[in-house]
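A.B. asks: Please work from the sequences and hints to get the whole structure.
Residue-level listing of the chains:
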Amino acid sequence: MTELSYLEHGHSLKSWLLTTDHKRIAILYFLSITFFFFVGGAAAALIRIDLLTPEPDLMSNEGYNRAFTLHGVIMVWFFLIPSIPNTFGNFLVPLMIGARDLAFPRLNLLSWYIYMLGGLFTLAVLVLGGVDTGWTFYTPLSSMFANGNVILAATAIFVVGFSSILTGLNFIVTVHRLRCPGMTWGRLPLFVWSIYATSLILVLATPVLSITLVLIAAERLFGVGVFNPALGGDPLLYQHLFWFYSHPAVYIMVLPALGVISELVSTAARKPVFGYRFVAGSSIAIAIIGFLVWGHHMFVAGQSMYASAVFSFLSLAVAVPSGIKVYNWTATLYKGHIALDPPFLFAMSFIGLFVVGGMTGLILAMLAVDVHVHDTYFVIAHFHYIMVGGTVSAYFGALHYWWPKMMGRWLPLVWGRLSAIFIFLGFNLTFFPQFILGYLGMPRRYHVYPAEFQTLHVLSSAGASVLGLAYLLPFTYLLYSLRHGEKAPPNPWGATGLEWTVPSPPPQHNFHELPTVDGPPYQYPVEPDTKREGAHG
Amino acid sequence: MNRLLTFWGGQASHHAHQVDTLFLGLATLAVLLSAPVFILIPWFAVKYRRGKPADRTHAANRSVWLEVSWAAIPFLATLAFYVWSTRLYIDLYQPPAEALAINAVGKQWMWKFQHPGGQAEINELHVPAGRPVVVTLASQDVIHSLFVPALRLKQDVVPGRYTRLWFTADTPGSYALVCAQFCGADHAVMGGRLVVQTPADYGRWLEGMGTDGSLAAQGAVLFRTRGCSGCHGAASTVHAPPLEGLYGRPVPLADGSVVTADEQYLRDSILLPQAQVAAGYPAIMPTFQNVLGEDDVLKLVAYIKSLANAPPPTKDRDDGGPP
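Those protein sequences? They're chains A and B, same order as listed.
For the first sequence, full-length UniProt numbering assigns the number 1 to the initial residue and increments by one for each residue that follows.
For the second sequence, full-length UniProt numbering assigns the number 1 to the initial residue and increments by one for each residue that follows.
Simulated from the structure, these hints should not be mistaken for laboratory data.
Computed from a predicted model, the values in this text were never measured in an experiment.
All the given hints hold, so there is nothing to weed out.
DSSO-like, lysine-lysine: derived pairs with alpha carbons at most 30 Å apart:
| hint | chain 1 | residue 1 | chain 2 | residue 2 |
| --- | --- | --- | --- | --- |
| 1 | B | Lys47 | A | Lys335 |
| 2 | A | Lys487 | A | Lys14 |
| 3 | A | Lys487 | B | Lys52 |
| 4 | B | Lys52 | A | Lys335 |
C.D. replies: Rendered as structure tokens:
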């Protein structure tokens, strides 16, 4: 019998906007997140164009400050944090654990509406003239001195935080309660482990940010002295609260990507992930230790010398589980059957860039070096290697890997490989020069700079234009594949995992009968459903 | 080796050399730790390409000792660098007692420096080579950060508290001095130069600068003109703590705790007098928050510090309050 897929089950706008199907909600997130990715990207383009010359030419000082603030706010809260969990997590967690939906389908839809409400506030900030504090909202600049739309921007982030909290809660309950018979914790796909670890952070850290934003609003609107010393407050208190959320938030952004890479590497090599327990456990370790390193953002802020020494040590410790993952992926490839398909090229790109980002993070954790490179382009380059080189590469890897499952269509593999390569090259050209700029002493958030730095800035801007075009490329051939792509079989890559046992695209309720699992994950070999050659295009 | 890193701004101090050496060591460590990944992944991707014949027997799925070793060995290697870098950092908190004390105030969007002799300059800081200098940093408004790339040093300037930055510049020359912490519209142009001079040149420069007397003397003038002496002066009849011999001493507070009268305490007592009231005195001091700028407060603090070893006032205090 043929059953209607989730895509065919109703075509009206209402059937999408009132859906409680986790797969449709994933698509809603995918569309809205893609929109914000390009809005944030447009702000980045303005920044890179302005930095082509040492003089301010495109934007005024105020305009530039608003551009980088908007870039940060949109990319962090409206793209990176929801990116992989809310699209691929939403789509895949129930399929991967053998469930028919998330534990709270209506709450899931509500989360999307809350996300959109926050997004509307952010667009209002943009239309009304922006905000000029930087995405970090440091006090007392944000609470007393800035003249942009601080309250509105804080409201946007406050609102979208509830979307994060509810999504995290939904995943936690789902993983605890809705695993199919036989799907023990030790048999969960590693992507589910990473989403689970991420959800713990979402639920535990986000409320701290919400409270902090309320305090900023209270100080700005009513003069309640919390952070401003002139009112008896303490500006460092703000930094502690902000980074207590925002450092774990870095792991919200990167842990799901680590989970994606485990799936991609295992499928590409047709081998189980080397050391499943270590890789799964390292996600939980990152989530826990990630809560204890926030002070490394404050080595020159005036916190105590002893606090800095402790935070430096813990920051080295949090690198250990990340290192385990990278070395274990390498070992996974040993004696594998490796196919250089687009998802694997994105995974290799991820690993390379994540290693550079991680190693420079280790360097930044060193106190005496951080005193020099803190608040310079070295830091900018470091976290873009993690967030963009890492998370965005994994996001595109996931998009290529699960596209046939989500849309039921093959994608052109040649174009997929090309875009992986262009994104990798464009990324490195954009951000590697920034490491050098930073060590030379170029501070961040400068729209004018000494002439000596121009060559490196021009290189970086040139890379950004390659990167921008390379990011557009997948959207053209993926759209093309929706209409012209070959129909995808249930398991085109020959992968393990319950999501590959159902048709592509999956039926509305995922499984006719709930599956039963009787063995560990990643039991290769699995033969793909069609000859791969037919899929090339 | 460090000539490799003689970048823009150069190296103006021994500390800069040390940071560069540490950085090169760390970069080497980073290359060594990531080399296995960068070499093996492409190698495996070629050697074990799907469909290509290769020996694939005995492929393990786990190996606890292997995994523990690639967790532990890199961690232990980084610990050695941790000790090295933390020692360098701790040095930054221990300025030598004989260091030349300079005051700096950051405000949107300029730097104001003042030398002990009272010479003031804006967006330029002249210092003698070879002598330790400790800069006490105050902010008039938001957080700034004094960053001298050639010294490989920066320190945030936080409103409401004094922070310090000390260094010994070895090589005369002119170096960039910038603000590293985003501070609003003109953050990018809030900068100037650090001018390192030979001691003789520095001495001549100090003489050439006009000054209204030393920092402490300027503070003494403020002490009279701003009305401080009305209560704290020798002739006062108001029940207020005497300031002679106060600096560096423990001060019992009304809430029962005891603080040391350091620069921070003196500043706070002028700007936020109700926060820490000295025991035995009525809390009647008004705040000078909207009257005195941070640079004026620094002068008053310098004046009060200059009284540290002064004899106690020889007036007839009618209150007999605690000394």
